[in-house]
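Line by line, the protein sequences are chains A and B. Numbering-wise (my numbering), the first sequence opens with residue 1 and increments by one. Numbering-wise (my numbering), the second sequence opens with residue 1001 and increments by one.
Think of the hints as simulated: they come from the structure by calculation, not from any bench. Mixed in with the good hints, there may be bad ones.
Examples of chain B residues lying across from chain A (beta carbon under 8 Å, computed) [said to hold, decoys possible]:
no., residue
1, Val1022
2, Leu1046
3, Val1050
4, Phe1052
5, Gly1063
6, Ala1064
7, Val1065
8, Ile1126
9, Ser1127
10, Ile1128
11, Val1131
12, Glu1133
Listed next, with one range per pair, are the computed distances between beta-carbon atoms [said to hold, decoys possible]:
no., chain 1, residue 1, chain 2, residue 2, range
13, A, Ser230, B, Val1107, 32 to 42 Å
14, B, Leu1160, A, Ser277, 39 to 49 Å
15, A, Ile21, B, Ser1132, 26 to 36 Å
16, B, Val1107, A, Trp279, 26 to 36 Å
17, B, Arg1025, A, Asp312, 45 to 55 Å
18, B, Gly1112, A, Phe286, 53 to 63 Å
19, B, Met1137, A, Ser230, 52 to 62 Å
20, B, Ile1158, A, Asn112, 41 to 51 Å
21, B, Ile1159, A, Gly365, 26 to 36 Å
22, B, Ile1019, A, Phe86, 47 to 57 Å
23, B, Val1107, A, Pro274, 55 to 65 Å
24, A, Gly280, B, Ala1110, 46 to 56 Å
25, A, Val69, B, Ser1127, 37 to 47 Å
Listed below are several chain B residues computed to face chain A (Cβ distance under 10 Å; list not exhaustive) [as the list claims (entries may be wrong)]:
no., residue
26, Val1021
27, Ala1023
28, Gly1042
29, Met1044
30, Glu1051
31, Thr1066
32, Ser1114
These figures come from a predicted structure and were not determined experimentally. Even glycine gets a Cβ: it sits at the ideal position worked out from N, Cα and C.
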Amino acid sequence: MDFGQAFFGIAWIDAIIRVVIVVLVMTIVVVYLTYGERKVVARFQQRLGPTKTGRAGLLQGFADALKLVSKEDLRPRNADRWVFEFAPFMTFIPVFTILIVLPFAADWGVRNLALGVFFVFAILGLNIVGIMMAGLGSGNKYALLGGVRAAAQMISYEIPLVLALLAVVIVARGEIDGVQINGTLNLQELILLQETRPFILIQPLAFVIFFMAMLSELHRAPFDIPVAESEIVGGYFVEYSGIRWSMFQLSEYASLWAFSIFGSVVFLGGWEFPMGSDWGWGWQLFLTGVKSLLFIFLVMWVRATVPRLRIDQLMNFCWKVLIEVSFLLIIVNGVFVLYDWPEEILALVNWGATVLFLGILYYRGVRRAKTSDYVGTYRQEEMSLA
Amino acid sequence: MATEVLWWLFAAVMVASAIGVVAARSIIHSAIFLIISLGVVGAMYLFLTVEFLALVQFLIYGGAVTVLILLALMLTRMATGDERMIVNGPQAPFGFLVAGVLAVILVGVAFGTSWRGDVDDLPANISIHQVSEVMFMNFGAPFIFVAVLLLVALVGAIILARQEDAE
């Protein structure tokens, strides 16, 4: 489909129309993600969630958006004016840019870049700049602390995220239309290579690492340390209100959506698996939607059930566990590709490693959970006094 | 034609924000001007159709180097109040001298060298396969040496930082 056709075949008009459609869809998706998150979390906590606005609260998101837009746009007196005011835009623009490469159906992305995967994580890295600008420009120590935490966390977790994706890219091999492909960064080609099996079946460990790093990049529980309400009153956007605050929210949910589609493209087979090219674009859009909703639901599920980590636990987990495991994964995949060993054995090795990895994590968690012999500091003092 | 106009526009933005880095009175503004400047360089790579280099520029300079600068600022500055730090001292003339000499050398080298595969007005789109071929096959050994050098520098930095901690 070429929208430029109607306008004398100008290529950039086609691009602009596609971008506008994607952004409109994104806005509506974000409004319903806020509603969905409140409903899902409410269900986990045995509440009802929003019920009043519209049928079953379906219009709640729009009501909230209206309220936020009409609120006053405050700026603290000792904030750095330009840094403070441009920070929300700097967080939003990278997220918006990522939407350009995401493939929603066979011929339905804005543009199909040869370096799609690389594009996504190169642009995502710029997201940190806006958060740090918010932290530095607010003139507030909680905002500064939140910014420092966010920056440290996002720089660290970007490494395992990228390595896990590269591990998949290395083993993405196969034939498309008779052309042999050995590893590709093109998102459409990655999807086409998953016609018979999604990559999660041969790279489950990469999926686990990707999912953990993704939670951290999105500041989702249990890694929501930069925006921890009980510790630093909301983090880097504590001084924002009205439309600028809602831009931070918008970019947060938009990146959740973008990450979910990206993850479903790389690991779950995007619009192709199963039967994507045979059953037409309706089924393809349905597959993309269902798979990304699955991702989003998983993120909300984790958020509703797992308590927040401490900052040192978070950093240790990244630098001492995730990075090593993902390097090991890349080395193993490289050996398999170099000697051209069959994919089934690779999958088997990977499943074994995944079970081992999660088993060790679970064992450590269960072992640490035993606190019956520990006595808190104040209890010790009490007992020594007695 | 349109690309050329945009290219010069971006070049102007780059130079302006580079001047901003030096002239800004607050060090945070300097850091942000630096980000803009480096980001615009990446955009100019896009106009030259070297997407890979552009994305590397965004990833390394936009997402990592400048973020480290901002992080250092955050860890060392007071949280509130905008104190104006004078970063341009009496060394400014020497700075201009060094920058001028460097600019002359770079421009001279860029125009004086006969680049291999140089074509006017028609930038070649280099695919990532060619880049990786050259980097890991033709220049495999230098690549590994640079990697080891970086690792040594990293370990050295950690050792230096730790020593101070132990005292």
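List of violated hint numbers, smallest to largest: Checked against the structure, the hints that fail are numbers 1, 2, 3, 7, 8, 11, 12, 13, 14, 16, 17, 22, 26, 27, 29 and 32, while the rest are satisfied.
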